[in-house]
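Colleague: Chain by chain, the residues:
Protein chains: 2
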Amino acid sequence: MAIVTVLGAGMMGSALCLPLCDRGHEVRLVGTHLDGAIVDSLARDRFHPTLRERLPEAVRPMPVDALAEALRGTELVALGVSSAGIGWAVEQLRPHARPELPLFMITKGLRFEGRLRVLPDVVADALGGAPAAVAGPCIAGELARRVDSCVVLAGRDQAVLDRIAQTIGATYYHVRPTVDVVGAEVCAALKNAYAMGIAFGAGLHERHGGQPGSVATHNYESAVFAQGVLEMQRVVQALGGEPGTAAGLAGVGDLDVTTNGGRTGRFGKLLGLGLTVPEAIERMQGATLECLEILAVMRQALPSLGGDLPLLEHLIEVALDGKPLAMPFDRFFR
Amino acid sequence: MAIVTVLGAGMMGSALCLPLCDRGHEVRLVGTHLDGAIVDSLARDRFHPTLRERLPEAVRPMPVDALAEALRGTELVALGVSSAGIGWAVEQLRPHARPELPLFMITKGLRFEGRLRVLPDVVADALGGAPAAVAGPCIAGELARRVDSCVVLAGRDQAVLDRIAQTIGATYYHVRPTVDVVGAEVCAALKNAYAMGIAFGAGLHERHGGQPGSVATHNYESAVFAQGVLEMQRVVQALGGEPGTAAGLAGVGDLDVTTNGGRTGRFGKLLGLGLTVPEAIERMQGATLECLEILAVMRQALPSLGGDLPLLEHLIEVALDGKPLAMPFDRFFR
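Residue numbers (this note's numbering), protein chains in the order written: chain A, 1 to 334; chain B, 1 to 334.
Isolated chain A, as found in the complex (with noise of 0.2 Å):
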C-alpha cells in the first residue's frame, strides 16, 4: 500500500480515488483555490457536490494551503487539474519536486509552442523526471461508480509506467501502459473536436423535424467518427507517434464516450440545429468546452501537418469561424 496524493479534486481526479482506495492505498486529495466548496463538502460528510458521491472513507480531503503537508511521504502523484490550470499546477509543485516521486497526469492537452506539444513534455521541462498521463476512455461519473474501464497510461520510462500502472489499477480499472506518448496525447486531445462534429448529425436530424431512432442520422455521424479516426492517425504520425495509437483505446474509444457521454456533444448537437456559436455557448451554461480549445490550437498547428485533414479543417471553420456547416465529405477517405 502506499501513499497517493490527488492535486486538483474536481470530477476526475476525486473519482480517481476510488480505485487507488479499493486498492487500499492513503489518498490525500489536493483541492485547487477553484475547488474550495468541493473540499469543505468533502470534510463535512464526504460528498462530492459534482461528483454527486460520497468518497471511500480512506480519502483525506486537503485544501492548496495544506500542499507540502499533503505531499510528505507520499509515493506517487497525480495532477487532476484543468488543461488550463496546469502552469498553476506546476508553480505549485515545483518546490516539492523529487526526481525520484513519479507523477502522472489526467490532465489532458496540447500545447503550440511554435510546434505542437504534449503536455507531460511540457510539465517534465519544469519537473523533471518523466511524467505519464492517462488516456483513454474514462467518464469521471463512471468511474466513481466503479463501471469498468480499460484506460492507456502512457509515458517515456517503461519501468515508471509500470510501477504506476501496479499502483493504480483495480479490479474494475483496467490500465494499460503504453511509451506512445505523443499517440496518447493526441488522441486525447483531439477526440473533443471530432466528437463535436459527430454531434452535429444529431442536431440536422433534429433541425429537420426528425425523431431520435434506428434511423436517424447515424450514416452521417459514423463517417465523420470513421473519419475523425482517420485524421487523428494522420496528425500522430505527423508529430512522431504510432498511427496505430489512435484505432485503439486512446483514440477509437475515447472517440466513442465522448460523443456518448460528454458535453461536447451536446455542444455539438446545438450547433446541428443551427444555434450559432455564441448561442450554443451561452446555453453550455458556462461549461469548459476543450473542443473550441483545441481547435484553436490546431488552427496555429495546421500549416505544419501536411494537409488532408478536411474534417479538421471544416470544424475549425464552423466553430471558431462562425461558417455554416457543410460536412465535406467529398474530400473524406481519400
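No wet-lab data here; the hints were simulated from the structure.
Be aware that one or more of the hints could be misleading.
Since the list gives no way to pick out one identical chain from another, each pair is judged satisfied if it fits inside one copy or across any two copies.
Each computed SDA-like pair below joins lysine to any residue, with the alpha-carbon atoms no more than 25 Å apart [what the hints assert, rightly or not]:
#1 323 <-> 172
#2 323 <-> 130
#3 323 <-> 286
#4 323 <-> 171
#5 323 <-> 74
#6 323 <-> 146
#7 323 <-> 56
#8 323 <-> 277
#9 323 <-> 307
#10 323 <-> 209
#11 323 <-> 206
#12 323 <-> 305
#13 323 <-> 95
#14 323 <-> 34
#15 323 <-> 207
#16 323 <-> 273
#17 323 <-> 11
Once you have looked at the hints, place chain B on chain A.
Modeller: Coordinates of chain B only, in the frame set by chain A:
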C-alpha cells in the same frame, strides 16, 4: 446513364435504388420469391412497406420470374438478397452470367469451408468475374431518406471497381473503392458480433437500476468497442487482409452505426439485461440476427486464427453456449 438491375427488394436493395435513380439510371428492382408482397406494393403505389418510403418513379419493380427480362440490356447487377439467400441468388443468375457484366453485392457474410471465405470469392467461384461488395456504415432507412452515407466498395479489379463506383455514387452516397476485399468483408461480418457485445453494457446498466444518460456504462461500452476494433484487425491480418481497414469506414464506421442503429444492439442489450439467449431471440420476433450467424461461423474458424481474441471467445460463450456474461477486461489490450 445506365440500366441497373437490383436482385432482392429487401430494405438495402431497395434503398440503393435512391442514389441510382438520382443519378438518372433506369433501375429494375427484382424481388425474390420472398419479396412478393413488397413487389406488389411497389407496383401499386411505389410504397415500400418495410422501408416505409415511396420509391422514385424510375424504379421498375419486377417479380423473380421476370429476371431474364430484367437482365436484358442491363449494364450493372447489384445483389441484395440476404446472406442465407446467396446460394439461391447465384443459381438464378448463373444462366445469365456474362464475364463482362459487372456485379456488386450488398449482401455481407463469411463462410467457413475448411477456412474462412468472403462472399465475393464464393460468388466468383460460381459466376466468374470479379464481384465487388459494398461495406461500411449505411443504414438502409437512412440511405432511402438521402442521409449522407460513406461506404467502401471492395473488389479485386481496380478498373471494375472504379467503373462501379462511378456509376452508383451520388451527391449523398459517397463510394470509396478499395482492393482489400478480405479486410472489408471480414469487418462487415464481424461488426455484428462486436456490436452485440458493446450493447451488453446498456443492458447491464438498466439491470442494475440505472437510467440512460451521460453517466451510465459508456466506459464499459467504449472499452468493448476498442477491443472489438483491435480483434477485427487481428482477424483481418490472420486472413491476409490489411489490418488498417478495421480502423476505417468498414470497421470503426460500421461498428459505430451498428451499435447505434441496429437490431443487433437491441439483442445484445436484452442479454445484458439478463434474459437467456432463447428468451432474447423470442423478444426479437423473428428478426434476422446476423450476430448469431457470424458467431457460429467464427467458432469453427477460431482454432485457425492464432488466438488472442478474448472478446470474440466470450461472445461465443455467452451467445452460443449460454454461459454467464463476465466481460474478460483483464485479457483486453494485451
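Colleague: If a hint holds in the structure, say so; if it does not, say that too.
Modeller: Evaluation of the provided hints:
no., hint, in the structure
1, 323 <-> 172, "between (43 Å within a copy, 21 Å between copies)"
2, 323 <-> 130, "neither (41 Å within a copy, 44 Å between copies)"
3, 323 <-> 286, "within (23 Å within a copy, 47 Å between copies)"
4, 323 <-> 171, "between (47 Å within a copy, 21 Å between copies)"
5, 323 <-> 74, "neither (50 Å within a copy, 44 Å between copies)"
6, 323 <-> 146, "between (42 Å within a copy, 24 Å between copies)"
7, 323 <-> 56, "neither (48 Å within a copy, 34 Å between copies)"
8, 323 <-> 277, "within (10 Å within a copy, 50 Å between copies)"
9, 323 <-> 307, "within (20 Å within a copy, 49 Å between copies)"
10, 323 <-> 209, "within (23 Å within a copy, 43 Å between copies)"
11, 323 <-> 206, "within (20 Å within a copy, 41 Å between copies)"
12, 323 <-> 305, "within (22 Å within a copy, 49 Å between copies)"
13, 323 <-> 95, "neither (47 Å within a copy, 55 Å between copies)"
14, 323 <-> 34, "neither (35 Å within a copy, 49 Å between copies)"
15, 323 <-> 207, "within (18 Å within a copy, 44 Å between copies)"
16, 323 <-> 273, "within (14 Å within a copy, 44 Å between copies)"
17, 323 <-> 11, "neither (34 Å within a copy, 36 Å between copies)"
The structure does not agree with the numbered hints 2, 5, 7, 13, 14, 17 stated previously, though it agrees with the rest.
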